Amino acid sequence: MPRIPYRGIADAQMPGAVPAERYDLRCIKSTYIESNKKGNPMVTLECEVLGQPTADTVYHYITFPKGEDAKKDNRIAASTKRICELFSVDFDGEGFDSDDFQGKEAHNVLLTVEEGDKPGRLNNKIDLRST
1 MPRIPYRGIA
11 DAQMPGAVPA
21 ERYDLRCIKS
31 TYIESNKKGN
41 PMVTLECEVL
51 GQPTADTVYH
61 YITFPKGEDA
71 KKDNRIAAST
81 KRICELFSVD
91 FDGEGFDSDD
101 FQGKEAHNVL
111 LTVEEGDKPG
121 RLNNKIDLRS
131 T
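Heads up: the sequence shown begins at 1 in the numbering used here, then just goes up one per residue.
These are calculated hints, taken from the structure and not from any lab test.
These figures come from a predicted structure and were not determined experimentally.
One thing to keep in mind: the hints can contain errors.
Quick list of the computed label-pair ranges, beta carbon to beta carbon [as the list claims (entries may be wrong)]:
1) G8 to G103: 25 to 31 angstroms
2) K66 to M1: 54 to 60 angstroms
3) R22 to K66: 16 to 22 angstroms
4) N36 to P15: 22 to 28 angstroms
All C-beta atoms in this analysis are idealised placements derived from N, C-alpha and C, irrespective of residue type, glycine included.
Whenever a hint applies, use it, and build me the whole structure from the sequences.
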């Protein structure tokens with residue numbers, strides 16, 4: 001079998017969570033889902049951490065108020081408003097366009113680190129309360 005030239009293979013690193021601190025993010029994909037596993041609509045944002053080539057994609061989920069609990073509905077709406085502000089996405093009293101996130105950047109965003117869905121896996125999460 002011939003030797004295959006492959007530049008960069010020796011220095012390659014598996015992507016992973018970055019340490020908890022502030023970063024600049026770019027939304028690389030925004031997807032509206034009519035019904036998630038629980039049967040509710042949501043918007044999924046996929047973000048890259050700028051200047052961090054080994055950082056895993058950061059996912060953020062925008063959910064919608066259900067009208068069942070005013071306090072919870074307000075928290076959900078305030079979180080959505082904040083993520084729109086971070087990425088400079090226009091919104092009004094009627095909503096926002098989820099496609100407007102794609103390609104937009106958010107600066108000085110606090111990322112936290114949390115346990116992922118698989119044992120030993122760490123994920124980054126956008127901390128909207130401190131950003």
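Outcome of the hint check:
no.	hint	result
1	G8 to G103: 25 to 31 angstroms	holds, 27 angstroms
2	K66 to M1: 54 to 60 angstroms	holds, 58 angstroms
3	R22 to K66: 16 to 22 angstroms	violated, 32 angstroms
4	N36 to P15: 22 to 28 angstroms	holds, 25 angstroms
Checked against the numbered hints given earlier, the structure breaks only hint 3 and satisfies all the rest.
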